[in-house]
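Participant: At position 83 of the sequence shown the residue is numbered 83 (the numbering used here), and the sequence of numbers has no breaks.
Incorrect hints may appear among the rest.
Calculated lysine to aspartate or glutamate pairs in the EDC-like style (CA-CA distance at most 20 Å, straight line) [said to hold, decoys possible]:
#1 Lys82 / Glu60
#2 Lys85 / Glu60
#3 Lys82 / Glu66
#4 Lys55 / Glu66
#5 Lys82 / Asp65
#6 Lys4 / Glu48
#7 Lys85 / Glu66
#8 Lys55 / Asp65
#9 Lys55 / Asp71
#10 Lys82 / Asp71
#11 Lys12 / Glu48
#12 Lys56 / Glu66
#13 Lys85 / Asp65
#14 Lys4 / Asp71
#15 Lys51 / Asp71
#16 Lys29 / Asp43
The calculated label-pair distances, taken between Cβ atoms and stated as ranges, are [said to hold, decoys possible]:
#17 Gly34 / Ser8: 36 to 42 Å
#18 Lys29 / Glu66: 29 to 35 Å
#19 Asn79 / Lys29: 23 to 29 Å
#20 Asn79 / Val52: 19 to 25 Å
#21 Glu66 / Ile30: 31 to 37 Å
#22 Ser64 / Phe31: 37 to 43 Å
#23 Gln44 / Arg17: 26 to 32 Å
#24 Lys85 / Tyr26: 19 to 25 Å
#25 Ser8 / Pro59: 17 to 23 Å
#26 Asn38 / Pro5: 16 to 22 Å
The set of hints was computed from the structure by calculation and includes no laboratory data.
Yeah, the Cβ is synthetic: ideal placement off N, Cα and C, and Gly gets one too.
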Amino acid sequence: HGNKPTNSILFKQLTPRVLGSLIAMYEHKIFVQGVIWNIFSFDQWGVELGKVLAKKILPELSSSDEILTHDSSTNGLINYFKRLKS
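Modelling step: build the complete structure from the supplied sequences, incorporating the hints.
Facilitator: Printed below as a string of C-alpha coordinates:
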(Lines of atoms letter the chains of each structure in order from A; the text may use other names.)
(Lines give C-alpha, C1' and ligand atoms only; values in the text may rest on other atoms or scores of the structure.)
Protein backbone atom coordinates (compact mmCIF):
# COMPACT_ATOMS: atom_id res chain seq x y z
CA HIS A 1 0.00 0.00 0.00
CA GLY A 2 1.04 3.57 -0.43
CA ASN A 3 3.76 4.72 -2.78
CA LYS A 4 1.18 6.51 -4.92
CA PRO A 5 1.85 10.18 -5.65
CA THR A 6 -0.65 12.68 -4.29
CA ASN A 7 -1.20 16.41 -4.18
CA SER A 8 -2.36 17.89 -0.90
CA ILE A 9 -3.81 21.38 -0.82
CA LEU A 10 -4.96 22.81 2.50
CA PHE A 11 -6.77 26.10 2.96
CA LYS A 12 -8.17 27.94 5.97
CA GLN A 13 -11.60 28.71 4.55
CA LEU A 14 -13.58 27.35 1.63
CA THR A 15 -14.81 30.31 -0.37
CA PRO A 16 -16.39 30.35 -3.83
CA ARG A 17 -13.08 31.61 -5.23
CA VAL A 18 -11.07 28.81 -3.57
CA LEU A 19 -13.54 26.15 -4.71
CA GLY A 20 -13.58 27.48 -8.28
CA SER A 21 -9.78 27.61 -8.35
CA LEU A 22 -9.50 24.02 -7.11
CA ILE A 23 -11.99 22.72 -9.66
CA ALA A 24 -10.34 24.60 -12.53
CA MET A 25 -6.87 23.45 -11.49
CA TYR A 26 -7.84 19.77 -11.31
CA GLU A 27 -9.87 19.82 -14.52
CA HIS A 28 -6.95 21.41 -16.36
CA LYS A 29 -4.43 18.97 -14.85
CA ILE A 30 -6.53 15.95 -15.81
CA PHE A 31 -7.24 17.28 -19.30
CA VAL A 32 -3.55 17.96 -20.02
CA GLN A 33 -2.50 14.54 -18.73
CA GLY A 34 -5.09 12.93 -20.99
CA VAL A 35 -3.81 14.83 -24.02
CA ILE A 36 -0.22 13.82 -23.25
CA TRP A 37 -1.11 10.15 -22.68
CA ASN A 38 -3.73 10.07 -25.47
CA ILE A 39 -6.54 8.86 -23.19
CA PHE A 40 -10.02 10.11 -22.29
CA SER A 41 -9.24 11.23 -18.75
CA PHE A 42 -12.80 11.66 -17.56
CA ASP A 43 -13.85 8.02 -17.99
CA GLN A 44 -11.24 5.95 -16.16
CA TRP A 45 -11.21 3.25 -13.48
CA GLY A 46 -9.43 5.64 -11.09
CA VAL A 47 -12.68 7.54 -10.66
CA GLU A 48 -14.31 4.38 -9.30
CA LEU A 49 -11.34 3.73 -7.00
CA GLY A 50 -11.69 7.27 -5.67
CA LYS A 51 -15.35 6.62 -4.84
CA VAL A 52 -14.47 3.42 -2.96
CA LEU A 53 -11.73 5.16 -0.97
CA ALA A 54 -13.93 8.17 -0.20
CA LYS A 55 -16.65 5.92 1.26
CA LYS A 56 -14.08 4.55 3.70
CA ILE A 57 -12.47 7.89 4.56
CA LEU A 58 -15.58 10.06 5.01
CA PRO A 59 -16.75 8.38 8.25
CA GLU A 60 -13.19 8.49 9.59
CA LEU A 61 -13.19 12.28 9.33
CA SER A 62 -15.86 12.55 12.02
CA SER A 63 -14.34 9.89 14.29
CA SER A 64 -12.43 11.11 17.35
CA ASP A 65 -9.92 8.24 17.04
CA GLU A 66 -6.51 8.60 15.43
CA ILE A 67 -6.60 6.98 11.99
CA LEU A 68 -3.96 4.32 11.26
CA THR A 69 -5.70 2.12 8.67
CA HIS A 70 -4.18 3.63 5.50
CA ASP A 71 -0.67 4.25 4.20
CA SER A 72 1.36 6.73 6.27
CA SER A 73 0.72 9.67 3.92
CA THR A 74 -3.06 9.23 3.96
CA ASN A 75 -3.12 8.62 7.72
CA GLY A 76 -1.09 11.78 8.26
CA LEU A 77 -3.35 13.91 6.06
CA ILE A 78 -6.55 12.63 7.68
CA ASN A 79 -5.22 13.13 11.20
CA TYR A 80 -3.83 16.59 10.35
CA PHE A 81 -7.20 17.61 8.89
CA LYS A 82 -8.99 16.38 12.01
CA ARG A 83 -6.65 18.38 14.27
CA LEU A 84 -7.25 21.52 12.18
CA LYS A 85 -11.02 21.25 12.35
CA SER A 86 -11.15 20.63 16.13
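Participant: Decide, hint by hint, whether the structure agrees.
Facilitator: Results for each hint:
Among the hinted pairs, Lys82 with Glu60 is consistent with the structure: their alpha-carbon atoms are about 9 Å apart, no more than 20 Å. Note on Lys85 and Glu60: the hinted pairing holds, with a Cα-Cα distance of about 13 Å set against a maximum of 20 Å. Simply put, Lys82 and Glu66 have alpha-carbon atoms about 9 Å apart, close enough for the 20 Å limit, and the pair holds. At most 20 Å may separate the alpha-carbon atoms for a hinted pair to count; Lys55 and Glu66 meet this at roughly 18 Å.
Taking the CA atoms of Lys82 and Asp65, the gap is near 10 Å; set against the 20 Å cutoff, the hint holds. Proximity of Lys4 to Glu48 is assessed by CA-CA distance (about 16 Å); at most 20 Å being required, the pair is judged to hold. Using a Cα cut-off of 20 Å, the hinted pair Lys85 and Glu66 holds, with the two alpha carbons roughly 14 Å apart. With a C-alpha separation of about 17 Å, the suggested pairing of Lys55 with Asp65 holds against the 20 Å cut-off.
Annotation: proposed proximity of Lys55 to Asp71 holds, straight-line Cα distance about 16 Å (limit 20 Å). Our distance criterion of 20 Å between C-alpha atoms is met by Lys82 and Asp71, whose separation comes to about 17 Å. Of the pairs offered as hints, the one joining Lys12 and Glu48 is violated, with about 29 Å between alpha carbons and a cut-off of 20 Å exceeded. For the given pair, Lys56 sits about 15 Å from Glu66 by alpha-carbon distance, which is consistent with the 20 Å threshold.
For the hint linking Lys85 to Asp65, the alpha-carbon distance of about 14 Å falls within 20 Å, and the restraint holds. Distance check on the hinted pair: Lys4 and Asp71 sit about 10 Å apart at the alpha-carbon level, within 20 Å; holds. Proposed proximity of Lys51 and Asp71 is supported: the alpha carbons are some 17 Å apart, at most 20 Å. Simply put, Lys29 and Asp43 have alpha-carbon atoms about 15 Å apart, close enough for the 20 Å limit, and the pair holds.
Checked against the given bound of 36 to 42 Å, the beta carbons of Gly34 and Ser8, roughly 22 Å apart, lie outside it. Our hint of 29 to 35 Å for Lys29 and Glu66 holds, since their Cβ atoms are close to 31 Å apart. At about 26 Å, the beta-carbon gap between Asn79 and Lys29 stays in the expected band of 23 to 29 Å. Separated by about 21 Å at the C-beta atoms, Asn79 and Val52 satisfy the suggested range of 19 to 25 Å.
Separation of Glu66 from Ile30 is about 32 Å and conforms to the stated range, judged on CB atoms against 31 to 37 Å. Between Ser64 and Phe31 the beta carbons are some 39 Å apart, a value that agrees with the proposed interval 37 to 43 Å. Under the hint 26 to 32 Å, the C-beta atoms of Gln44 and Arg17, about 29 Å apart, fit the expected range. In this structure, Lys85 and Tyr26 meet the distance hint of 19 to 25 Å, their C-beta atoms being roughly 22 Å apart.
In this structure the hint that Ser8 and Pro59 lie 17 to 23 Å apart at CB holds, the actual value being about 20 Å. At about 21 Å, the beta-carbon gap between Asn38 and Pro5 stays in the expected band of 16 to 22 Å.
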